[in-house]
Structure formats: structure tokens, C-alpha cells
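Below, each chain spelled out in residue letters.
There are 6 protein chains.
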Amino acid sequence: MMSTLTHLGSNGEANMVDVGSKAETERTAIAEGLVLMRPETLSIIMEGNAKKGDVIATARIAGIMAAKKTHELIPLCHPLLLNKVSVEIEADPALPGLRVTGLARVSGKTGVEMEALTAVSVACLTVYDMAKAVDRSMTITSVRLVEKSGGKSGDFRAGDQ
Amino acid sequence: MMSTLTHLGSNGEANMVDVGSKAETERTAIAEGLVLMRPETLSIIMEGNAKKGDVIATARIAGIMAAKKTHELIPLCHPLLLNKVSVEIEADPALPGLRVTGLARVSGKTGVEMEALTAVSVACLTVYDMAKAVDRSMTITSVRLVEKSGGKSGDFRAGDQ
Amino acid sequence: MMSTLTHLGSNGEANMVDVGSKAETERTAIAEGLVLMRPETLSIIMEGNAKKGDVIATARIAGIMAAKKTHELIPLCHPLLLNKVSVEIEADPALPGLRVTGLARVSGKTGVEMEALTAVSVACLTVYDMAKAVDRSMTITSVRLVEKSGGKSGDFRAGDQ
Amino acid sequence: MMSTLTHLGSNGEANMVDVGSKAETERTAIAEGLVLMRPETLSIIMEGNAKKGDVIATARIAGIMAAKKTHELIPLCHPLLLNKVSVEIEADPALPGLRVTGLARVSGKTGVEMEALTAVSVACLTVYDMAKAVDRSMTITSVRLVEKSGGKSGDFRAGDQ
Amino acid sequence: MMSTLTHLGSNGEANMVDVGSKAETERTAIAEGLVLMRPETLSIIMEGNAKKGDVIATARIAGIMAAKKTHELIPLCHPLLLNKVSVEIEADPALPGLRVTGLARVSGKTGVEMEALTAVSVACLTVYDMAKAVDRSMTITSVRLVEKSGGKSGDFRAGDQ
Amino acid sequence: MMSTLTHLGSNGEANMVDVGSKAETERTAIAEGLVLMRPETLSIIMEGNAKKGDVIATARIAGIMAAKKTHELIPLCHPLLLNKVSVEIEADPALPGLRVTGLARVSGKTGVEMEALTAVSVACLTVYDMAKAVDRSMTITSVRLVEKSGGKSGDFRAGDQ
Numbered sequence: 001m002m003s004t005l006t007h008l009g010s011n012g013e014a015n016m017v018d019v020g021s022k023a024e025t026e027r028t029a030i031a032e033g034l035v036l037m038r039p040e041t042l043s044i045i046m047e048g049n050a051k052k053g054d055v056i057a058t059a060r061i062a063g064i065m066a067a068k069k070t071h072e073l074i075p076l077c078h079p080l081l082l083n084k085v086s087v088e089i090e091a092d093p094a095l096p097g098l099r100v101t102g103l104a105r106v107s108g109k110t111g112v113e114m115e116a117l118t119a120v121s122v123a124c125l126t127v128y129d130m131a132k133a134v135d136r137s138m139t140i141t142s143v144r145l146v147e148k149s150g151g152k153s154g155d156f157r158a159g160d161q
Numbered sequence: 001m002m003s004t005l006t007h008l009g010s011n012g013e014a015n016m017v018d019v020g021s022k023a024e025t026e027r028t029a030i031a032e033g034l035v036l037m038r039p040e041t042l043s044i045i046m047e048g049n050a051k052k053g054d055v056i057a058t059a060r061i062a063g064i065m066a067a068k069k070t071h072e073l074i075p076l077c078h079p080l081l082l083n084k085v086s087v088e089i090e091a092d093p094a095l096p097g098l099r100v101t102g103l104a105r106v107s108g109k110t111g112v113e114m115e116a117l118t119a120v121s122v123a124c125l126t127v128y129d130m131a132k133a134v135d136r137s138m139t140i141t142s143v144r145l146v147e148k149s150g151g152k153s154g155d156f157r158a159g160d161q
Numbered sequence: 001m002m003s004t005l006t007h008l009g010s011n012g013e014a015n016m017v018d019v020g021s022k023a024e025t026e027r028t029a030i031a032e033g034l035v036l037m038r039p040e041t042l043s044i045i046m047e048g049n050a051k052k053g054d055v056i057a058t059a060r061i062a063g064i065m066a067a068k069k070t071h072e073l074i075p076l077c078h079p080l081l082l083n084k085v086s087v088e089i090e091a092d093p094a095l096p097g098l099r100v101t102g103l104a105r106v107s108g109k110t111g112v113e114m115e116a117l118t119a120v121s122v123a124c125l126t127v128y129d130m131a132k133a134v135d136r137s138m139t140i141t142s143v144r145l146v147e148k149s150g151g152k153s154g155d156f157r158a159g160d161q
Numbered sequence: 001m002m003s004t005l006t007h008l009g010s011n012g013e014a015n016m017v018d019v020g021s022k023a024e025t026e027r028t029a030i031a032e033g034l035v036l037m038r039p040e041t042l043s044i045i046m047e048g049n050a051k052k053g054d055v056i057a058t059a060r061i062a063g064i065m066a067a068k069k070t071h072e073l074i075p076l077c078h079p080l081l082l083n084k085v086s087v088e089i090e091a092d093p094a095l096p097g098l099r100v101t102g103l104a105r106v107s108g109k110t111g112v113e114m115e116a117l118t119a120v121s122v123a124c125l126t127v128y129d130m131a132k133a134v135d136r137s138m139t140i141t142s143v144r145l146v147e148k149s150g151g152k153s154g155d156f157r158a159g160d161q
Numbered sequence: 001m002m003s004t005l006t007h008l009g010s011n012g013e014a015n016m017v018d019v020g021s022k023a024e025t026e027r028t029a030i031a032e033g034l035v036l037m038r039p040e041t042l043s044i045i046m047e048g049n050a051k052k053g054d055v056i057a058t059a060r061i062a063g064i065m066a067a068k069k070t071h072e073l074i075p076l077c078h079p080l081l082l083n084k085v086s087v088e089i090e091a092d093p094a095l096p097g098l099r100v101t102g103l104a105r106v107s108g109k110t111g112v113e114m115e116a117l118t119a120v121s122v123a124c125l126t127v128y129d130m131a132k133a134v135d136r137s138m139t140i141t142s143v144r145l146v147e148k149s150g151g152k153s154g155d156f157r158a159g160d161q
Numbered sequence: 001m002m003s004t005l006t007h008l009g010s011n012g013e014a015n016m017v018d019v020g021s022k023a024e025t026e027r028t029a030i031a032e033g034l035v036l037m038r039p040e041t042l043s044i045i046m047e048g049n050a051k052k053g054d055v056i057a058t059a060r061i062a063g064i065m066a067a068k069k070t071h072e073l074i075p076l077c078h079p080l081l082l083n084k085v086s087v088e089i090e091a092d093p094a095l096p097g098l099r100v101t102g103l104a105r106v107s108g109k110t111g112v113e114m115e116a117l118t119a120v121s122v123a124c125l126t127v128y129d130m131a132k133a134v135d136r137s138m139t140i141t142s143v144r145l146v147e148k149s150g151g152k153s154g155d156f157r158a159g160d161q
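So the protein lines, in turn, are chains A, B, C, D, E and F. Taking this note's numbering, I'd label the letters of the first sequence as residues 1 to 161. Taking this note's numbering, I'd label the letters of the second sequence as residues 1 to 161. Taking this note's numbering, I'd label the letters of the third sequence as residues 1 to 161. Taking this note's numbering, I'd label the letters of the fourth sequence as residues 1 to 161. Taking this note's numbering, I'd label the letters of the fifth sequence as residues 1 to 161. Taking this note's numbering, I'd label the letters of the sixth sequence as residues 1 to 161.
Calculated from the structure, these hints are not laboratory results. There's no promise every hint is true.
Identical copies carry no separate label here, and so any pair may be met within one copy or between two of them.
Each computed BS3-like pair below joins lysine-lysine, with the alpha-carbon atoms no more than 27 Å apart [said to hold, decoys possible]: (1) Lys69 with Lys22; (2) Lys22 with Lys84; (3) Lys152 with Lys22.
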């Protein structure tokens with residue numbers, strides 16, 4: 001396997017990759033995650049949501065704001081001028097739980113996978129925070145990159161490999 | 001079910017809970033999460049680790065620093081004077097992947113579940129970031145509270161309920 | 001007038017006041033501000049609010065999160081362990097516009113006026129941001145302390161002086 | 001009225017606008033705000049200023065630094081590479097009080113109104129903080145966009161509409 | 001030598017020390033640093049200072065604000081409720097350059113050496129930034145702890161050992 | 001001497017320089033600093049490092065992360081889209097102590113001297129923090145710009161002047 005961990009220098013120490021010679025292209029990434037919970041917890045959240053929308057709305061905003069902090073949280077991430085971040089949260093009674101999708105887009109020299117994944121993770125954590133008084137056993141799971149486009153490494157779609 | 005979402009006001013709008021009347025006790029929380037990956041990815045990370053420790057070391061530090069940012073990330077979390085944060089990361093070839101454990105402790109009026117969960121989530125995201133050049137299909141999963149102690153709501157241990 | 005600017009040292013240079021000898025008491029502050037706008041702008045926001053609540057919900061959350069950043073924004077403010085922050089936003093067709101109220105509470109050595117005022121200011125700015133596409137002439141006005149309690153300097157109620 | 005709230009998605013949920021297709025042009029915004037106070041308070045500030053300049057200097061720096069934090073404070077603002085931020089503060093005995101003007105400039109895809117308004121708001125809050133020991137009844141008022149240029153929505157000048 | 005690096009766990013990995021069992025005492029630390037420069041640079045700064053005070057005032061404020069960010073910058077530092085931070089900057093023509101002194105004070109479970117040292121370092125960096133257009137060869141030097149008091153490890157005074 | 005302090009306005013007040021008309025070129029800066037310590041302290045750090053690398057690894061990561069925060073710490077610095085930051089730390093028994101080198105690179109309108117210097121300063125502070133339990137008399141010294149290239153003001157190399 002020829003792949004190398006691009007963040008590691010020749011002696012193995014962690015470093016930001018130099019993106020100076022990369023092309024500035026439009027790059028998009030979509031990530032997803034789930035918050036599994038008891039059916040009653042989902043009902044409470046969604047009824048609250050039906051009335052006021054606040055658990056969902058708060059988690060969405062937290063996810064969007066977190067995407068803008070990605071380079072502060074992930075040590076070797078580059079700062080980016082994000083063109084767009086969006087977070088969608090849907091109830092899925094079959095889980096039962098919430099399905100969180102995050103999209104990040106940039107015209108830049110490096111990808112936005114981490115921004116999309118960070119948005120999803122923090123939105124999920126916010127759901128946990130707001131509902132933990134009724135259910136401490138919620139689990140955040142299946143946080144992963146769904147697809148990305150743009151950039152030299154080519155497009156990616158989960159399940160294609 | 002009598003439980004209520006304590007962050008929601010009487011009209012359903014999101015609000016920080018008033019913790020002024022809560023007792024200041026020692027509170028500890030332990031959370032856990034997994035990063036699933038291909039066996040080759042795990043080998044690359046751990047060999048790098050054997051030589052320099054940097055993927056693991058970087059992820060640990062990112063998790064610790066993120067715990068201190070929890071109240072900036074999660075809209076309704078209170079700022080806290082954390083006494084301790086630690087993050088442990090172990091390889092588990094049976095997954096295959098990494099098992100991330102985070103502990104947060106405070107002498108305060110509110111619990112540290114979110115700090116432990118945030119430490120774990122950001123450590124997992126950092127692993128993803130540092131190894132994504134070799135494996136974009138890694139998945140962060142099973143992020144959950146393992147146990148907590150201290151505080152009025154009593155102790156919690158995952159699986160006890 | 002014997003009053004002195006407590007942030008200025010004996011030579012006039014800016015400094016944080018030493019609060020080490022102040023008593024740790026429960027302190028509350030309430031601040032208020034208005035966003036004046038055209039009646040059509042208010043209608044658009046409130047109809048949006050009737051359906052989804054998002055301008056109001058976003059501004060409320062932004063205000064709460066900003067209160068936690070007060071000591072990062074205001075150079076000589078002390079960091080505080082806030083017990084509670086809340087932000088309420090009401091339509092007032094007589095203005096026409098929105099009335100924003102912020103409350104901050106702490107058990108600490110220094111007051112929370114700045115936290116309440118910062119919550120109000122940032123909530124107002126967020127309303128401006130979200131509605132500026134339809135009305136750039138909105139004005140944020142009458143941002144002031146309504147009342148405070150706790151602490152050596154005594155209680156304050158606007159208009160009492 | 002055809003105007004729409006550009007931050008709201010088709011279902012009304014809050015979202016960052018996608019600025020990827022906007023032109024990168026030079027954009028400037030100027031905002032203004034007032035801090036009304038008792039005449040004695042103004043004298044104390046300005047005499048301090050005559051000697052050391054520190055209330056004014058501190059508020060100016062706080063405003064400049066806050067402009068750089070706009071995208072962290074306002075949930076749906078884009079991060080920007082600001083070319084310039086400046087804050088001017090003048091005494092106006094006729095108010096009596098201080099007149100705060102903020103300018104922000106960028107070569108970018110989205111406007112800098114929020115950066116100019118945030119600079120003004122935080123400079124005003126800093127004045128309040130530094131002088132509140134002598135006057136808790138100060139009021140921050142008339143915070144508004146004075147003019148903007150650049151960008152698709154065209155130029156704006158307060159009072160032109 | 002029996003001393004151990006208290007931030008390292010039994011396996012050598014970095015960790016925050018648990019300060020939960022430490023006593024909450026009043027702790028003070030004073031640090032110092034120098035910015036060496038050409039005599040003309042010092043004159044320009046001090047004449048500017050004589051007139052407007054802004055290089056010195058800006059550096060002082062930057063140092064105070066940085067002290068409040070210490071736990072965000074230094075990975076294993078604990079968040080603290082600082083009672084006071086002050087920064088003094090004096091010209092010393094004999095260097096020639098500026099002498100920067102920082103003081104931090106807390107009633108807490110852990111010392112404030114890092115807060116005092118961070119205040120000094122960032123004040124020095126700010127001087128460099130503001131004067132670098134006239135002198136890129138300035139050097140920041142002799143940044144060290146001058147004294148500390150409070151806490152279990154006892155008092156420290158530089159040169160006593 | 002014709003040089004002027006570019007951050008000061010015509011009346012001496014501090015301001016960000018307008019970089020809107022500057023060319024966007026590739027700019028690199030390298031800075032250096034030393035942490036002087038007792039020989040035993042250096043041995044403890046390097047033996048720890050030989051086993052786990054953690055003092056050095058933690059300080060390197062702290063320096064990289066701090067470079068990304070430069071514009072938050074230094075009041076008049078512009079935000080930048082850094083292409084690369086790296087920090088190297090070497091033991092030098094002749095000092096005795098550690099030699100810290102920081103590199104920052106950008107394709108932008110303004111230089112990265114402050115980013116390189118901030119990376120070095122915070123890496124040095126982190127070394128101090130992690131080893132202070134064994135040696136409070138460590139000194140951070142000789143923090144300076146080693147070289148820079150790109151930009152209108154031309155290249156700089158320490159010692160050339």
C-alpha cells in the first residue's frame with residue numbers, strides 16, 4: 001500500500017500539509033450521522049419540535065457554527081472561507097432516532113470533509129445535550145463522509161470503494 | 001412519561017437551565033467512541049504511532065482542548081472550571097479501529113457529560129482528519145456516555161437501565 | 001463628583017479591576033434593546049416565525065452563546081461561571097420592531113451587566129443579519145441595563161436615579 | 001413584496017446563503033452607533049482620554065477585534081478575509097455622549113455590513129463596561145448601517161430609501 | 001532527581017493534571033519579558049506613545065486579553081476564573097527596548113504562571129507587530145517567571161534557587 | 001528616518017492597515033526561539049520524548065494551532081488563509097535547552113511574520129507549562145524573525161541589515 005499519512009513529516013511528526021500549490025476549485029462534502037434514542041425520547045423531541053422547533057433548530061445552528069470552528073478544533077486543518085454550510089435533521093422512527101446531514105462547500109485549495117463531519121458531530125452532541133435529561137443512553141453513531149466532490153483526490157461516494 | 005426537556009422554557013424556546021441552586025459537588029463523566037477503519041489503515045496509524053506516536057498524540061490533545069471548548073460549541077452548556085480531562089486511545093484489531101475514551105471531572109454545579117462526549121468526538125474527528133488520505137470510509141460510531149457520578153440526577157452506568 | 005473609572009490605574013492605563021476581595025454573591029442583570037424596522041419587515045419575520053420560528057430562535061441562541069463570550073469581547077471583563085442566560089424576543093407592532101430582553105445570572109465576585117448587554121446586542125445583530133436582505137435600514141436602539149441585583153454597588157433599576 | 005429572507009431555506013429553517021457563485025468584489029460598509037450618557041460621565045471619559053486615551057483606545061481596539069469575530073458571533077455569517085477594519089470614537093457634548101463609527105472592507109463574495117455593525121456594537125459595549133462604575137444608565141442607541149458599497153445588491157446610503 | 005513531569009501519565013502521554021484535591025487559595029504570578037530594538041525604533045514608539053499612547057496601550061490590552069485565553073492556547077492548562085490581570089510596559093533606553101511585566105491573580109486550585117507568561121508574550125508580539133514596519137530585527141527575550149505565591153509548591157522568586 | 005508605524009492613523013490611533021491594494025503573492029516567514037533550562041530538565045524532557053515524544057509533540061501542536069489564532073491574539077493582524085504552518089523543536093545541550101523553529105506560508109495580501117512568531121512563542125510557552133513542575137526558572141529567549149520572503153517590503157534575513 002503506497003498511501004501515506006499526508007499530515008506526517010518525514011520523521012513522523014504531525015504537520016499541516018502545504019496546500020499552496022493546490023488548485024482553487026469548488027469543493028463540496030456531505031456527511032451524515034445518527035442519534036439513536038428511545039422511542040419516547042424521539043417523541044418528546046419531535047412534539048417539542050412540532051410546537052416550537054427548538055431542539056432541532058438549536059442543533060442545526062450549533063452544527064453550522066461548529067463547521068466554522070473546524071480549524072480551531074482539528075489541529076492540522078486549514079482555515080477556509082466556507083461558501084455554505086447547511087445541516088438537516090430528520091426524525092427516523094425506524095432507528096428510532098434522528099438522522100443528521102451536513103453539507104459544506106468552499107472555493108478553495110483544500111477539501112471540506114472535516115467541516116461537514118464537524119457540523120454533523122456537534123449537531124448530534126447538541127441533540128444529546130438538550131435531551132439528556134430524559135435519556136442518557138442516547139448514542140451517536142455512523143458519523144461518516146457520504147460524498148465529496150472537487151479537488152485532486154477525486155470524487156468520493158460512500159460504498160463505492 | 002413525566003420527563004421534561006430541561007433546556008426548554010415554558011413556551012418551548014431553548015434556554016440555559018439555571019444551575020444557581022444546584023449543589024457544588026465533584027462530578028465525573030466517562031464517554032467512549034469508536035473509529036472503524038480498514039485493517040491497513042489501523043496498521044499505518046499504529047506503525048506511525050510505534051515510531052512517533054503522532055496520530056494518537058495529536059488526537060488526544062485535540063480531544064482535551066475540545067473539552068475546554070464545550071460551552072462554546074454546545075449552545076446551552078454552562079462554562080465550567082474543569083479539574084481534569086483525559087483522553088485514551090487504544091487500537092482494537094477486532095473492530096478493526098480505535099477505541100477512544102474520554103474522562104472529564106469538575107467540582108461544580110452541573111455535570112460534565114458533554115465535556116467527555118465532546119472530547120471523544122473531536123478526538124475521533126482528528127483521527128479521521130489525519131488518516132483520511134488513506135481511508136475516506138472510516139466511520140465514527142458508538143459515541144456514548146459510559147458512566148457518570150455526582151449530581152442530583154444520580155449515577156449512571158451504560159447498560160444499567 | 002468622586003466617582004472614578006475603576007478600570008483605570010493610577011496613571012490612567014486600562015486594567016482589570018482586582019475582584020479577589022469581593023464577596024461571592026448571587027448577581028442578576030437584565031438588559032433590553034430594540035430593533036426598529038419597517039412594518040413589512042416585522043411581518044415577514046413574524047410570519048416566518050409563525051411557521052418555523054427560525055429568525056427569533058436563531059437570534060435567541062446567538063445571544064445566549066455571545067453572553068458566554070463576553071470576557072473575550074470586552075477587554076477588561078472577568079471570566080465568569082454563568083448560572084443562567086436567557087434571551088426573550090417579542091414583536092412590538094407599535095415600534096414597529098422587536099424587543100429583546102436578556103438575563104444573566106452568576107454566583108460570583110463580579111456583576112453580569114456586560115453579559116446581559118452582550119446577549120442583547122448580539123441577538124439584535126443577528127436579527128439584523130437575518131433580515132437585512134429585505135431591510136437594510138433597521139436600527140438597533142435603546143440597548144441598556146434594566147435592572148441588576150447583588151454585589152456591593154447595590155441594586156439598580158433603570159429610571160430610579 | 002417579493003423580498004425573501006435569504007437565510008431561510010424552503011422550509012423556513014435557518015441556513016447560510018451559498019455565496020459560491022457571487023462575484024469577488026471590493027466591498028465596504030460603514031456603521032454608526034451612539035452611547036448616550038450624563039454630561040459628567042462624558043467629561044470623566046474625555047479627561048481620562050486627554051491624559052491617557054485609554055477608554056477610547058480600549059473601545060476602539062475591542063471593536064476592531066470583534067469585527068474579526070463576527071462569523072463566530074452571528075450564526076449565519078460567512079468567514080471573511082477582512083482587508084481593513086477601523087473604529088473612530090468622537091465625543092459629542094450635544095448628545096451628550098460618544099459617536100462610534102466603524103468601517104469594514106473586504107475583497108470577497110459577501111458584504112461586510114455585519115462586521116461594521118459588530119465593531120460598533122462591541123466598541124459601545126466596551127465604553128459601557130469601562131464607565132459603568134460612574135453611570136449605569138448609559139444607553140447604546142442608533143446602531144445602524146450608514147452606507148455600503150460593492151456587491152450585487154448595490155450601494156446603500158442611510159436615508160436614501 | 002525525583003521530580004516528575006506532572007502532565008505526563010504513567011505511560012508518558014500528555015494529560016491535564018487533576019486539580020480536584022488541591023486547595024483553593026489566592027495565587028499570584030508575575031512574569032517579565034523584553035523587546036529589544038534599535039534606539040530609533042524605541043524613539044518612534046515612545047514619541048507615538050507620548051502623543052497617543054497607542055502602541056503601548058494596544059500591547060497592554062492584547063496581553064490582558066491573551067491571559068484570558070491561556071487555557072485555549074496551552075493544551076494542558078486549566079480554565080481559571082482570573083481575579084485580575086495587569087500588564088505594564090516601560091521603555092528602557094539602556095536595552096534599548098521595552099520591558100513588559102505581567103501579573104495574574106486567581107482564587108483557585110492551580111497557579112497562574114502560564115497566564116502571566118502568556119500576557120507578557122502576547123504583549124511583546126503585539127509590540128513587534130505594530131513596529132515591524134520600521135524594524136524587523138526586534139527580538140523578544142528573557143520571558144520568564146519573576147515570582148509566584150500561593151499553592152502547595154510554595155513561593156518562587158527568580159534568582160532564589 | 002522616513003519609516004512610519006503603519007498601524008497608526010494620522011492622529012496616532014491604532015488601526016488595521018488596509019491591504020486591499022496589496023498583491024496576492026506567496027509569502028513565507030520563519031521564526032525562531034529558545035527555551036533555556038537546566039541540563040536535568042532537558043534530560044527529563046528528552047527522555048520522555050525518547051519514550052513517548054509528548055512534551056515535544058504537545059508543544060508542536062500547540063504552536064501550529066496558535067498560528068491559526070494569530071489574528072485573534074494580535075489586535076491589528078489580518079485574518080489569513082494559511083497554506084502551511086510547521087513547528088520544529090530540537091534539543092541543544094549546548095544551551096542547554098530547546099530550539100523552536102516555526103514556519104508559516106500563505107498566498108495572500110499580507111505577510112505571515114506574526115503567525116510564525118506566534119507559533120514559536122506558544123510552543124515555547126507550552127514547553128514551559130509541561131516542564132514547570134521540575135524547573136520554574138526556564139527562560140524563553142531570542143524569539144525573532146529569521147527570514148521572510150514575498151511581499152512588497154522585500155525579503156528579510158536576520159543579520160543582513
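Results for each hint:
1. Lys69 with Lys22: both (22 Å within a copy, 23 Å between copies)
2. Lys22 with Lys84: both (21 Å within a copy, 12 Å between copies)
3. Lys152 with Lys22: Classified as both; 8 Å inside a copy, 24 Å across copies.
Of the hints listed earlier, there is not a single one the structure fails to meet.
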